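*Asks:* The chain contents come next:
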Amino acid sequence: MTSNVLQRIASGDASAVRECLDEYGALVWSLARRLSRTPSDAEDATQEIFLDIWRSASRFDAAQGSPKVFIAMIARRRLIDRLRKATAEPPMDPEEVLEGIAWPESASLAETASEAEQAVRALAELKPDQREVLELGLLHGLSQSEIAARLGMPLGSVKSFMRRGLIKVREYLNIDAEGVAARS
Amino acid sequence: MSAKGPRTQPPEEFIDLLIKQVTEGLLPDEALKLDELDAATAIACREELERSVAAVTVAGTAADAVALPMPLRLRLEQQATVYFSSPVQQPPGRPAEQPALGAGAMVDRRPNLSVPLADRLTRSVADTGSRRAAAARPARNTGPLGWWAAAACLLLALFAWFRPVAAPTAADLRTRLLDEPNVIKVRLDATQDPAAAGVHGDVVWDPRAQRGYLHFEGLPRNDPGAEQYQIWIFDADRDARYPIDGGLFNVASRDEDVVVPIHVLVPVHVAKAFAVTIEKAGGVVVSTRDHVVAIGQAG
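Chains as they are written, first to last, in the working numbering: chain U, 3 to 186; chain L, 42 to 340.
In short, the hints are calculated from the structure, not lab data.
No experiment lies behind these values; they were computed from the predicted model shown.
Be aware that one or more of the hints could be misleading.
[What the hints assert, rightly or not] The calculated BS3-like cross-link candidates involving lysine-lysine, where the alpha carbons are at most 25 Å apart (straight line), are:
1. L:K74 - L:K226
2. L:K74 - U:K87
3. U:K87 - L:K321
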């Protein structure tokens with residue numbers, strides 16, 4: 003049903019905009035807040051992201067994944083681009099970076115984003131320090147160098163943890179895709 | 042633009058560069074290095090990696106997502122109204138622009154997401170091997186160790202590919218690009234801006250590969266902490282008020298012969314003009330065009 007929102011937007015149906023904002027506004031805004039340097043930046047980024055979503059909606063293919071992950075991909079690419087262009091300052095609210103991420107039960111994500119469900123399962127298999135590296139890098143916008151400094155860890159270890167963690171997630175996503183294919 | 046020493050690239054470095062590109066962005070020299078390794082492979086792998094990262098992101102924000110503030114939501118609705126009533130909006134049935142996912146997803150190079158990453162890595166590397174070493178490698182099946190299998194293949198291909206020679210500079214790569222078919226070359230002319238006095242240069246742009254290089258002489262030195270040069274590409278298929286950002290660069294000396302790569306994050310359909318502006322450090326999303334130092338019309 004949610005994929006219809008993107009399909010309608012792709013066909014130029016402006017009436018789907020509000021539904022899209024209802025469905026994905028919180029996801030985009032939460033990401034923008036985490037990966038922007040100031041509240042003003044987060045608002046500008048959110049506007050750019052939704053413009054990107056209107057333009058890219060026709061690329062969404064439900065067979066390839068959930069709309070939430072598609073939206074998150076669009077949002078992250080825009081936010082990373084903005085971070086890259088910005089000066090080297092810590093992301094907004096550095097104290098928030100110290101907070102742990104509240105990971106939901108994987109089953110609770112199954113309906114809205116099966117890939118996210120698999121990601122939670124993959125992360126559960128990681129060692130705590132590997133998981134922390136991914137949290138700081140992917141959810142708090144710290145660079146690998148910043149992670150190394152914060153955790154007192156060699157940069158090479160940060161890269162290695164990041165690589166292994168994403169490979170683990172990738173394996174789970176692949177398993178999920180194969181499972182979907184097997185069931186269909 | 043930057044000369045580097047002898048290359049001995051393990052596959053981990055290639056993958057690490059891709060991960061860095063997806064998680065925090067690359068510095069210009071890192072982007073150049075990734076491009077040198079194999080732009081096609083990087084493009085093919087990037088979207089798959091982004092999907093994994095996005096899946097973690099969705100999971101990590103699910104428990105504490107924050108609703109859009111109402112003023113922002115209203116602005117978004119107004120923005121959408123303008124967008125959907127604009128004549129430059131993509132008409133239904135036409136492949137959409139891919140501003141967020143499009144840097145590596147041009148029509149002729151878009152990765153097939155139905156093919157697993159490990160397979161694509163293997164196939165792409167095999168293609169590279171066949172191009173460069175006349176030794177095609179078959180695709181592998183993906184399994185729990187698929188990525189490592191692909192990495193092993195990548196290692197073999199990279200060893201075959203890389204020779205212990207100095208990395209090409211941006212100027213070298215520009216020269217090579219000139220030999221590619223369908224590449225356009227555009228002369229850049231100085232404007233009346235005081236900073237543009239004596240400036241001349243050109244752009245080499247490959248529409249298929251979506252990459253190119255600016256070549257300049259006479260640009261004055263800039264203070265990177267205060268302002269930077271920013272490249273813009275005007276796409277015939279887009280609103281001329283919003284040219285595509287082609288990246289930032291600095292000039293160390295007016296005497297410097299500057300060659301800089303153009304990095305676009307959205308696909309350029311028909312490049313009709315190129316421009317260079319002076320902007321605040323870090324660049325801008327939309328230029329006020331107060332300081333346009335050079336401009337060139339294609340065709």
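*Asks:* Are U:K87 and L:K321 close enough, with their CA atoms no more than 25 Å apart?
*Replies:* Judged against 25 Å, a Cα distance of about 11 Å means the pair holds.
*Asks:* Within 25 Å, alpha carbon to alpha carbon, are L:K74 and U:K87?
*Replies:* holds (19 Å)
*Asks:* Would the pair L:K74 and L:K226 pass a check requiring their Cα atoms to be no farther apart than 25 Å?
*Replies:* OK: L:K74 and L:K226 at ~24 Å, within 25 Å.
Comparing the model with each numbered hint stated earlier shows that all of them hold.
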